[in-house]
Amino acid sequence: MVKKILLVCTGNTCRSPMAAALLQKILEGKKEITSEIQISSAGIYAFPGAPASTEAIEVMRHYGVDLSTHLSRGLQSEELLASDLILTMTTAQKAQLLKAFPEVKDKVFILREYIEEQLKGKGVSREHPIAFSEGKDTGVDIPDPFGQTLEVYHSCAEVIVQNLQELVKLLLAERGDRKKKGGEKMRIAIGSDHAGFQLKAEIAKYLEAKGYEFKDFGVFSSESVDYPDQAALVAKAVAKGEFDQGIIICGTGIGVSIAANKIKGIRAA
Numbered sequence: 001m002v003k004k005i006l007l008v009c010t011g012n013t014c015r016s017p018m019a020a021a022l023l024q025k026i027l028e029g030k031k032e033i034t035s036e037i038q039i040s041s042a043g044i045y046a047f048p049g050a051p052a053s054t055e056a057i058e059v060m061r062h063y064g065v066d067l068s069t070h071l072s073r074g075l076q077s078e079e080l081l082a083s084d085l086i087l088t089m090t091t092a093q094k095a096q097l098l099k100a101f102p103e104v105k106d107k108v109f110i111l112r113e114y115i116e117e118q119l120k121g122k123g124v125s126r127e128h129p130i131a132f133s134e135g136k137d138t139g140v141d142i143p144d145p146f147g148q149t150l151e152v153y154h155s156c157a158e159v160i161v162q163n164l165q166e167l168v169k170l171l172l173a174e175r176g177d178r179k180k181k182g183g184e185k186m187r188i189a190i191g192s193d194h195a196g197f198q199l200k201a202e203i204a205k206y207l208e209a210k211g212y213e214f215k216d217f218g219v220f221s222s223e224s225v226d227y228p229d230q231a232a233l234v235a236k237a238v239a240k241g242e243f244d245q246g247i248i249i250c251g252t253g254i255g256v257s258i259a260a261n262k263i264k265g266i267r268a269a
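Numbering (the numbering used here), first residue to last: 1 to 269.
If you are wondering where the hints come from, they were derived from the structure by calculation, not from laboratory data. Hints may contain errors.
Heads up, simulated SDA-like pairs for lysine to any residue below, C-alpha to C-alpha not over 20 Å straight-line [claimed, not checked]:
{"no.": "1", "residue 1": "4", "residue 2": "229"}
{"no.": "2", "residue 1": "105", "residue 2": "75"}
{"no.": "3", "residue 1": "30", "residue 2": "65"}
{"no.": "4", "residue 1": "236", "residue 2": "80"}
{"no.": "5", "residue 1": "3", "residue 2": "31"}
{"no.": "6", "residue 1": "99", "residue 2": "109"}
{"no.": "7", "residue 1": "25", "residue 2": "85"}
All chains should be built: construct the whole structure from the sequences, respecting the hints.
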């Protein structure tokens with residue numbers, strides 16, 4: 001299954017595009033996992049279509065990466081919902097993102113925070129205990145180099161690379177764990193409208209208990225929504241081959257079936 005990683009900073013002209021490009025570069029040497037990771041970047045306050053900063057482009061050349069064609073992108077709710085892992089550069093960015101999109105709270109981490117939480121789960125001691133509170137820097141932030149010297153950009157890139165190398169090791173270990181546990185089981189995408197929210201939660205519990213690999217495309221509350229959105233997300237994911245099957249729940253099943261069947265290659269019933 002393809003794991004979608006979204007890297008987020010403020011303007012999407014320095015840190016997040018550098019991180020996305022560097023992560024792609026590191027993965028090029030890990031052929032066993034390259035095809036399983038999809039990387040993108042965006043900015044919380046990005047001005048769409050802005051190029052990467054001159055300094056970022058220059059520093060990335062040192063790593064054999066070309067950022068000259070990069071154009072900044074803002075956050076999109078559909079992309080956030082479809083992402084498996086959302087990594088910010090700072091504590092404040094995480095707080096801002098969660099305030100605007102609380103429905104993705106379970107998959108948003110500061111880059112360093114995520115690494116250390118994963119290491120903690122593997123019984124490895126952490127250098128920096130995380131105490132996420134009100135967007136204050138907890139010692140894990142990657143500072144913004146924008147408007148500063150080329151030397152500052154180089155330092156920023158070095159920190160990003162160090163973190164990404166650890167991240168890739170964790171991703172490889174995660175992949176190995178899946179293989180050991182029989183990760184070839186059916187991959188399932190699930191989604192619902194507000195009427196099917198509670199039932200979807202029960203289905204998710206069942207799938208997890210049985211060890212199935214699945215992803216919840218929402219909704220994430222019982223508030224009224226337009227069902228075609230979730231139906232389309234699930235259907236597109238199955239059509240792309242990211243999942244083997246999709247389960248969509250609503251009040252009658254008719255509406256979501258119609259919406260899903262509009263996606264080429266999908267037959268919902």
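Inset, instruction - Compare the distance between the alpha carbons of residue 4 and residue 229 with 20 Å, and conclude whether the hinted pair is satisfied. - result: 19 Å, holds
Inset, instruction - Below or equal to 20 Å on CA atoms is what counts here, so check residue 236 against residue 80. - result: 15 Å, holds
Legend entry - 20 Å Cα cutoff - pair residue 99, residue 109: OK: residue 99 and residue 109 at ~14 Å, within 20 Å.
Legend entry - Given pair status - residue 65, residue 30, alpha carbons within 20 Å: Given pair residue 30, residue 65 holds - Cα atoms ~17 Å apart, limit 20 Å.
Inset, instruction - Please work out if residue 3 and residue 31 have their alpha carbons no farther apart than 20 Å. - result: Between residue 3 and residue 31 the Cα gap is close to 15 Å, so the pair holds against 20 Å.
Legend entry - Restraint check for residue 105 with residue 75, where alpha carbons must lie at most 20 Å apart: Distance ~15 Å between residue 105 and residue 75 Cα, so the pair holds.
Inset, instruction - Quickly compare the C-alpha distance for residue 25 and residue 85 to 20 Å and report which way the hint goes. - result: Given that 20 Å is the threshold and the Cα spacing comes to 18 Å, the pair holds.
In the structure shown, no violation is registered for any of the earlier numbered hints.
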